[in-house]
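> From first to last, the protein sequence lines stand for chains Z and S. The opening residue of the first sequence carries number 291 in the working numbering; numbering runs sequentially from there. The opening residue of the second sequence carries number 291 in the working numbering; numbering runs sequentially from there.
Don't take every hint at face value.
Same chains, same label: a pair holds when it works inside one copy or across any pair of copies.
[Stated by the list, open to error] Calculated pairs, SDA-like style, for lysine to any residue (alpha carbon to alpha carbon, straight line, at most 25 Å):
no., residue 1, residue 2
1, K323, H589
2, K424, E502
3, K404, D602
4, K405, G607
5, K405, S600
I should point out that these hints are in silico values taken from the structure, not numbers from a laboratory. As the structure is a prediction and not an experimental result, all values here were calculated from the model.
There are 2 protein chains.
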Amino acid sequence: MSDLPSSVSIHEEGPREGFQIEPGPISTEDKVKLIDALSDTGLKHIQACSFVNPRLVPGWADAEAVVEGFTAREGVHYSGLYFNGNGLDRARAFDGKLTLSGSISLTASEGFTKKNLNRTHAENLAAMKRQAEKHLEAGIKVNRIGVMAAFGCNYQGDIAPETVVRTLEDGMRVAEETGAEITLFSLADTMGWAAPHRIEQVIGTVRERWPEMTISLHLHDTRGLAVANAHAGLKMGVSQFDSTVGGLGGCPFAGQPKAAGNIATEELVLLCQEMGIDTGVDLDNLIEVGRMAEEIVGHQLPSELLHAGSLDAFRRGVSH
Amino acid sequence: MSDLPSSVSIHEEGPREGFQIEPGPISTEDKVKLIDALSDTGLKHIQACSFVNPRLVPGWADAEAVVEGFTAREGVHYSGLYFNGNGLDRARAFDGKLTLSGSISLTASEGFTKKNLNRTHAENLAAMKRQAEKHLEAGIKVNRIGVMAAFGCNYQGDIAPETVVRTLEDGMRVAEETGAEITLFSLADTMGWAAPHRIEQVIGTVRERWPEMTISLHLHDTRGLAVANAHAGLKMGVSQFDSTVGGLGGCPFAGQPKAAGNIATEELVLLCQEMGIDTGVDLDNLIEVGRMAEEIVGHQLPSELLHAGSLDAFRRGVSH
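Next up, chain Z with everything else stripped away, as it sits in the complex:
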């Protein structure tokens, strides 16, 4: 009983996630090189930078220079991450080159909200309402609700699917109050708690409440289950995923410096390709970019496929 999508939309977050957490320093030139290389793989969505406070994330002090530096490829949407009005203003300076859109970003775990944002859930809702208003006043759509720790949390343990629904309801209330039109729920396994059956439960419960909403999965491979979780999502018809080339990213929350990062884009592409699902991505090209990312960060990345090569490369070799 599966409901496979015929194609999936992959949102590449390697530059933003990776360069935020790598001990670096990584040169602006290398960041631009990676973004330009990713633009040539067939990926249509690339999160290029983070407009966060440079004192908090020194790795992104050069966000402006990076956005100025890369060459926007037609048909590819580039975005920047930000958390407040100041970040939004910095992003707006690149309106056009960057695709701007707002998100109501919540967390299913109150414990994590406090730890990560030093806010209660209620305070975060109020902040998100102000943030949504700011976007809408500037003529920028707010079409997405994001829920972090949607599958479990290091600080709070398991998260019930009903808690995810309640968190989304809170977000929908903010949307209603501000006039935002939500078209996407992004569910994030921020700390690597998901397992396939949990993906099924959470998506099933959310779908019951909002049958028509597009759901996107943001998966981390913290405990090695990310590809299995993506597969469970695909079987439930999920057609949008965040991922990072090479599995760039690490896990800043587990206190484990060697912990893996996001699901690797190339492994997600391989999974889709082998299942006959279109991603638009040239896998061999992407693997080359992953190897470039390893050179840039100066160490081996967690993606296994990166080190073995695609199956199609072997298939071509055999058919000669």
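Following the hints, put chain S in place on chain Z, whose structure we already have.
Then chain S, alone, in the frame of chain Z:
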């Protein structure tokens, strides 16, 4: 539509696979230490060594010393790998401490048989017949047919499910001719070609032909899909798996020294545990043994879970 088993039997091959491929040298003492530690995790099947030609696999020149050295724990079955009569004789010297049983070991890819064994499939069948006879004459049961490269091959490309069935039929003919009673088919993704739908196709096709046969999966994580493939197997009711602690093993066939090894035992245990499937294994204990394995080999192993810790460890922390 799933057919989850209530429990699975995990066959730990870390010592054999790992110490065969690690550049080493790894001391006999360390090998014994790892086997003894694995014996305390709840694992019931441990492949402790390889009785292969020390000129071909120098890492296992001390097979006898290792078997003499470890402490057999009651209820745990230890085995040794071998490929010929000489290896069988070496293993028989430890009958009782080692559980002896024979296997008809075939490959679904003629290309790989030639490359790996320097034999045609027909020559291999003849050799396996002699090997089975030798076991049965010695009063050792031959109850297993193994099929390598059952999901694809670097030298031959994709392998059709029908080819796997034909290979098994050849093995069943050898069993019939020798009087071996086969109770298990072991399907190996030797070079990491499987994807979940391929697992479903191959197992489905084999099951149509032999509905009652127990099927075991031997998965490699060469391209990051091993856990997703295990999940597909579990959903088809597969209740026996080979794996290696930490993902020890590497892939000697891809010519990629950094390629990942077998599916990591601890990630398989986590997957089962989260799905409510009993493995009998203490996951936190096993993760400690995986960290011991990293110390022994002197480098990071591919398992992600090893570096993040179990979910139960966090759950316990939260409940305090």
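> Each hint needs a verdict: does it hold in this structure or not?
Do the hints match the structure? See the list:
no.: 1; hint: K323 x H589; result: within (17 Å within a copy, 30 Å between copies)
no.: 2; hint: K424 x E502; result: neither (27 Å within a copy, 64 Å between copies)
no.: 3; hint: K404 x D602; result: between (46 Å within a copy, 22 Å between copies)
no.: 4; hint: K405 x G607; result: between (51 Å within a copy, 15 Å between copies)
no.: 5; hint: K405 x S600; result: between (40 Å within a copy, 21 Å between copies)
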